[in-house]
Amino acid sequence: MEIIVCVKRVPDTETRIRILEDSCEISSEGVKYITSPYDEFALEAGVRMKEAHEPVCLTVLTLGDERAQENLRNALALGADQANLLRGSLTMDGLATAKVLAKEIDSTKPDLVLFGVKAGDDDQQQVGPMVATLLGYKCATNVSNFEIHESVATCQRQIEGGTEVIELPLPAVITVTKGEFDPRYPSLKGIMAAKKKPLVTKDVEVPESRLIMTSLEYPPERDGIHMIEDGMDGIAELVQLLREEAKVL
Amino acid sequence: MSNFLVFVEQRGGCISAVTREILSVASCLAKEFGVEVHALVLGDDMLASSSDELTDYGADRIFLAEHSDLGTYLGETFSSVIVSTVKLGDYRAVMFPATAMGKDLAPRVTAMLDTAMATDVTQLEVSEGELEITRPVYGGKVFAKMRFTAFPAVISLRPNAFSSKKSSGAGHIKNIEFSLPSTEGHRVKEIETLGRKNLDVSEAHSVVSGGRGMKEPGNWKLLEDLRDALGPESALGASRAVVDAGWRPHGEQVGQTGKTVAPKLYFAVGISGAVQHLAGMRTAQTIVAINKDADAPIFGVADYGIVGDAMEILPILAEKVDQLNSEEY
Ligand SMILES: Cc1cc2nc3c(=O)[nH]c(=O)nc-3n(C[C@H](O)[C@H](O)[C@H](O)COP(=O)(O)OP(=O)(O)OC[C@H]3O[C@@H](n4cnc5c(N)ncnc54)[C@H](O)[C@@H]3O)c2cc1C
Ligand SMILES: Nc1ncnc2c1ncn2[C@@H]1O[C@H](COP(=O)(O)O)[C@@H](O)[C@H]1O
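For the protein sequence lines, the chains are S and P, in the order given. Mapping of the first sequence onto my numbering: position 123 corresponds to residue 123, and the numbering continues sequentially without gaps. Mapping of the second sequence onto my numbering: position 186 corresponds to residue 1186, and the numbering continues sequentially without gaps.
Where hints are given, some of them may not hold.
[Stated by the list, open to error] Cross-link-like lysine to aspartate or glutamate pairs, in silico, DMTMM-like; alpha carbons within 20 angstroms at most:
| # | chain 1 | residue 1 | chain 2 | residue 2 |
| --- | --- | --- | --- | --- |
| 1 | P | 1189 | S | 150 |
| 2 | S | 50 | S | 230 |
| 3 | S | 247 | P | 1233 |
| 4 | S | 247 | P | 1327 |
| 5 | P | 1165 | P | 1327 |
| 6 | P | 1145 | S | 221 |
| 7 | S | 99 | P | 1114 |
| 8 | P | 1264 | S | 221 |
| 9 | P | 1165 | P | 1052 |
| 10 | P | 1292 | S | 229 |
| 11 | P | 1145 | S | 150 |
| 12 | S | 103 | P | 1052 |
| 13 | P | 1264 | S | 223 |
| 14 | P | 1292 | S | 167 |
| 15 | P | 1165 | P | 1060 |
| 16 | P | 1264 | S | 147 |
| 17 | S | 247 | P | 1319 |
| 18 | P | 1145 | S | 121 |
| 19 | P | 1292 | S | 237 |
| 20 | S | 109 | S | 2 |
| 21 | S | 109 | P | 1125 |
| 22 | P | 1189 | S | 147 |
| 23 | S | 99 | P | 1076 |
| 24 | P | 1145 | S | 244 |
| 25 | P | 1145 | S | 111 |
| 26 | P | 1145 | S | 21 |
| 27 | P | 1031 | P | 1060 |
| 28 | P | 1215 | P | 1293 |
| 29 | P | 1031 | P | 1125 |
| 30 | S | 247 | P | 1322 |
| 31 | P | 1292 | S | 233 |
| 32 | S | 247 | P | 1228 |
| 33 | P | 1292 | P | 1216 |
| 34 | P | 1189 | S | 167 |
| 35 | P | 1264 | S | 237 |
| 36 | S | 50 | S | 121 |
| 37 | P | 1264 | S | 245 |
| 38 | P | 1221 | P | 1327 |
| 39 | P | 1145 | S | 25 |
Hint data in this document are derived by calculation from the structure and do not stem from the laboratory. Remember, it's a predicted structure, so these values are computed and weren't measured experimentally.
Assemble the whole structure, with the sequences as input and the hints as a guide.
Structure (structure tokens):
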């Protein structure tokens, strides 16, 4: 079985984001980068499939710049067999990203392609189902757990107020959310082995974005906090304020 | 003439609240552009029964796609019907709710139409004669405004971010014809739903969230009492710390690796306010923080705060809210 996991390099969730003056870009100075948290769930799912269904060839794929090699090496240390860096510029146009990834994925025709449900930076939740649509693969999104039996993936998809159980014949795309696939840490042995695994880089052309950013701004400042005394009278005052000032009760 | 098409999300025969919100903002925009709002309803039965409500919220045309296979949501079949409807008209934008269904559906439609899409939009306006959207990026730390150069633009709108306002539309009803793709073994086997009381945290108007400061799962009764006092449009939320501890289900988690919520009222109780938690709730309209540590970062984003012991504050708060709400009747 062939499995591909798509991962993206994004700013650490703790990082302070600073907008470059008079621009629609953020400063990369002092920003720490990580593999997007949901992609770690997807990778963990891929590694577990590999453990359960040998022989599996597990490939990690990313579109990004040279620095994403670090994230790919980390994925190799966690258990992927090979890595593929598509060197090209990142875009906020989800379909442009999907087209680039789909073209590469189509060249190997895998049985299963795993994505994070969303990327930690632009949070579009688009790329997975778009790749599936472009390739004509079956697709389940927001999946917290799945199993594969006889070329059918049975997925638990999280919906408002419940869970859907969906069956998908392979080849399929699954976008993974938090659930059963808590990521492991790389072992020393894994890190050593990763150095010898293949990491291939190739240049790609990313289609022009059809979304144009006109401004990037900090969220509107809140008016400042109104601190309320603890105790019976304070709580009564809070309820009054929520009704009369905030008008939310 | 480029109209707006709104996908109508239904659950158990009822139109979802976010659909009314989308229709409201769409009809506002349509007036500015001097165009129409069209609504598309998919399902297996009695679709026309929702048409009055759709008309009341501004739908000028209502397209009904009725088929026994459309009773349960499946991305493949739904996207195919939507795309064939879009192709029959001339649309500036196609709008979806940013719910599990809308987020599954809209990217498929975008890829089939080879156009551009913006997810989880919190503001929509007309600027220099063009449609402009605002959406939070980087975990809500910044807001991006964007325009499209491909049409129809596909947009999903965050629940609770827009208010619903009535404005009557022309309400012409039409049954549309379509063919369904074969789904080859792709199917929904079962749907496990939680009870009525468990309104999803992402759709609730008021959210009561608890964190590690609640000390133990047994204390959730206190949060439940406050939720109940707030009425049927309210739900429980949780921090990741308590979800990871197994005290609460992941479906309730708010934050970067949980749900993004934009309720009118958000209570953060015994939650420190880590950036990853803020990522999920900072677009709430009003935030109330209850924490015994006056230096907890949650006070930095809250509108109202009380420094004190949640176990003592919650019962009084629930009682006061309950009193206020029952005075009205
Ligand atoms: C990649 C990544 C993703 C993450 N995603 C999320 C996410 O989606 N959502 C999320 O919430 N977190 C997320 N986190 C975790 C986050 O960093 C914090 O660890 C978590 O939010 C802390 O939860 P907490 O506030 O409940 O607990 P704590 O930080 O332990 O805070 C408990 C608070 O309770 C207060 N308290 C204690 N006793 C009382 C009392 N009697 N009355 C009132 N207050 C009291 C304390 O003063 C303290 O402020 C993520 C972390 C990472 C690294
Ligand atoms: N540049 C990229 N390279 C590889 N995978 C990506 C890239 N961008 C997005 N993805 C994948 O698509 C998922 C959803 O991304 P998004 O639609 O941007 O929220 C991510 O979790 C990744 O799995």
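When the structure is checked against the list of hints, which entries are broken? Sort them ascending. Those not satisfied are hints 2, 5, 11, 12, 14, 16, 21, 24, 25, 36, 38.
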